[in-house]
Amino acid sequence: MSAAHVADTGFLIALGGPENERYRRVRTFAKRNGITFLLPERVYDELTVDVPDHDSTRVDTVIEDGWVAVAEPLDYTVPLVSRTMDSVQRYIANADDRPEDEIERTDAALGGLAAQLLAHGSVTSVYVYTPDIAAGEGIETALASDGYGDAITFVNAFRFIEDLL
Amino acid sequence: MSRTARDGDVVRDLLSIADLLEEPQLARLYAYVHREGPATVREAMDALDLPQGTAYSYVNRLQEAGVLAAASDEQPREYEAVDIELSLSTDRGERTYTITPMLVDAVGRRDGNEDIDAYTDRHGIAGLATALTYAVARERGEVTHQLMARDLDISPLEAEVILGALRPVVHDHVDVEPAGASLEDVVAAEDLETDAGDTGEDA
Numbered sequence: 000m001s002a003a004h005v006a007d008t009g010f011l012i013a014l015g016g017p018e019n020e021r022y023r024r025v026r027t028f029a030k031r032n033g034i035t036f037l038l039p040e041r042v043y044d045e046l047t048v049d050v051p052d053h054d055s056t057r058v059d060t061v062i063e064d065g066w067v068a069v070a071e072p073l074d075y076t077v078p079l080v081s082r083t084m085d086s087v088q089r090y091i092a093n094a095d096d097r098p099e100d101e102i103e104r105t106d107a108a109l110g111g112l113a114a115q116l117l118a119h120g121s122v123t124s125v126y127v128y129t130p131d132i133a134a135g136e137g138i139e140t141a142l143a144s145d146g147y148g149d150a151i152t153f154v155n156a157f158r159f160i161e162d163l164l
Numbered sequence: 000m001s002r003t004a005r006d007g008d009v010v011r012d013l014l015s016i017a018d019l020l021e022e023p024q025l026a027r028l029y030a031y032v033h034r035e036g037p038a039t040v041r042e043a044m045d046a047l048d049l050p051q052g053t054a055y056s057y058v059n060r061l062q063e064a065g066v067l068a069a070a071s072d073e074q075p076r077e078y079e080a081v082d083i084e085l086s087l088s089t090d091r092g093e094r095t096y097t098i099t100p101m102l103v104d105a106v107g108r109r110d111g112n113e114d115i116d117a118y119t120d121r122h123g124i125a126g127l128a129t130a131l132t133y134a135v136a137r138e139r140g141e142v143t144h145q146l147m148a149r150d151l152d153i154s155p156l157e158a159e160v161i162l163g164a165l166r167p168v169v170h171d172h173v174d175v176e177p178a179g180a181s182l183e184d185v186v187a188a189e190d191l192e193t194d195a196g197d198t199g200e201d202a
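Going line by line, the protein sequences match chains A and B. 118 is the number that numbering that gives the first Met the number 0 gives to position 119 of the first sequence; each next residue is one higher, with no gaps. 37 is the number that numbering that gives the first Met the number 0 gives to position 38 of the second sequence; each next residue is one higher, with no gaps.
This is chain A alone, in the form it adopts within the complex (with noise of 0.2 Å):
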């Protein structure tokens, strides 16, 4: 049985580039393992905008290494998609005690991609690897209660790369 890894900006940016030792302890991690950590497309727009101090082709450089993908669009028109980000964005709302309407869609992505991926039926797990504890629970949330419970993990990005250390 396979397992999907769906992995978010702030995973990426934690572990900076080649020289640091972080970058390469997760690097021998998936390769070892033959993981490949997937981007939601969201994702990688957000890595490779341009903003001063920020190297946006690293995500690039690390993609042709071959640990690191961009996922599929997100198909919209897959019930468990559309239903797991709603959930997700109702979720993250409620934490910080905001109306609905100020959290968007794609704030939900990571949600979105991890039910595609379970959707598909292709895996029978899902991590997500996000630093955004109220994105990573609401998805945990989100697809329990369509019966996933079992089959999707937060975890958290911080605490997994220091654990590599």
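Since the hints were made in silico from the structure, they are not lab data. Certain hints may be false.
[As the list claims (entries may be wrong)] Here are the simulated SDA-like cross-link-like pairs (lysine to any residue), alpha carbons at most 20 Å apart as the crow flies:
{"no.": "1", "chain 1": "A", "residue 1": "Lys30", "chain 2": "B", "residue 2": "Glu192"}
{"no.": "2", "chain 1": "A", "residue 1": "Lys30", "chain 2": "B", "residue 2": "Arg34"}
{"no.": "3", "chain 1": "A", "residue 1": "Lys30", "chain 2": "B", "residue 2": "Val186"}
{"no.": "4", "chain 1": "A", "residue 1": "Lys30", "chain 2": "B", "residue 2": "Asp190"}
{"no.": "5", "chain 1": "A", "residue 1": "Lys30", "chain 2": "B", "residue 2": "Leu191"}
{"no.": "6", "chain 1": "A", "residue 1": "Lys30", "chain 2": "B", "residue 2": "Leu182"}
{"no.": "7", "chain 1": "A", "residue 1": "Lys30", "chain 2": "A", "residue 2": "Ser1"}
{"no.": "8", "chain 1": "A", "residue 1": "Lys30", "chain 2": "B", "residue 2": "Thr193"}
{"no.": "9", "chain 1": "A", "residue 1": "Lys30", "chain 2": "B", "residue 2": "Ser181"}
{"no.": "10", "chain 1": "A", "residue 1": "Lys30", "chain 2": "B", "residue 2": "Arg11"}
{"no.": "11", "chain 1": "A", "residue 1": "Lys30", "chain 2": "B", "residue 2": "Glu189"}
{"no.": "12", "chain 1": "A", "residue 1": "Lys30", "chain 2": "B", "residue 2": "Ala187"}
With the hints as your guide, set chain B onto chain A.
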């Protein structure tokens, strides 16, 4: 009149703390003593890699500012940090912000952390203070980097970079329940291999 004297004290405290926030080296020394104190000047010098003259001059300045105090009269003298808690509010009373040792610590880390330094250059101490409130809220599972980006009109990337950089500051000052699965959980569930800790080459 005592009222006038107290008002004067508040203004003096405000100015002392403003100094701390403007000078990362002073902030770093205050944060060190706050965390590790009571401590001698020698201990602070060694821990922060400060020249002796600088360390003594900083300790004197912090003592004069009223944020460090001698913990004993014995030699070598030990110092302890006076807790800072200065609340500011706007005249509309809609927003209050409390300056705490955590903010001073964040300022002190500008010296060794490019991300905190660059963010503070761009957004000022006030911007750093705001980012710190988001960093606490994020660790508590209340906000995400995207919400911060939208609230402050910055890119999600910039929000994520500063939230990540401030995370250790938050964890040093605020008790936060650990959330989410760990490496061990993933490894056990998927029967993966890890060599974590095997090489031991980096301290």
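Each hint, compared with the structure:
1. Distance restraint check for Lys30 of chain A and Glu192 of chain B: the Cα-Cα separation of roughly 10 Å lies within the 20 Å cut-off, and the hinted pair is therefore satisfied.
2. Distance restraint check for Lys30 of chain A and Arg34 of chain B: the Cα-Cα separation of roughly 40 Å exceeds the 20 Å cut-off, and the hinted pair is therefore not satisfied.
3. A hinted pair counts as satisfied when its Cα atoms are at most 20 Å apart, and Lys30 of chain A with Val186 of chain B qualifies at roughly 14 Å.
4. Taking the CA atoms of Lys30 of chain A and Asp190 of chain B, the gap is about 15 Å. The hint holds against a cut of 20 Å.
5. Note on Lys30 of chain A and Leu191 of chain B: the hinted pairing holds, with a Cα-Cα distance of about 11 Å set against a maximum of 20 Å.
6. Using a Cα cut-off of 20 Å, the hinted pair Lys30 of chain A and Leu182 of chain B holds, with the two alpha carbons roughly 15 Å apart.
7. Among the hinted pairs, Lys30 of chain A with Ser1 of chain A is consistent with the structure: their alpha-carbon atoms are about 16 Å apart, no more than 20 Å.
8. For the hint pairing Lys30 of chain A with Thr193 of chain B, the CA-to-CA distance comes to about 11 Å; that is within 20 Å, so the pair holds.
9. As the CA atoms of Lys30 of chain A and Ser181 of chain B are separated by approximately 19 Å, the hinted pair is consistent with the 20 Å bound.
10. Of the supplied pair hints, the one linking Lys30 of chain A and Arg11 of chain B is violated, its CA atoms being roughly 58 Å apart against a limit of 20 Å.
11. For the proposed pair Lys30 of chain A and Glu189 of chain B, the alpha carbon gap of about 15 Å is at most 20 Å, so the pair holds.
12. For the suggested pair Lys30 of chain A and Ala187 of chain B, the alpha carbons sit about 18 Å apart, so the restraint of at most 20 Å is met.
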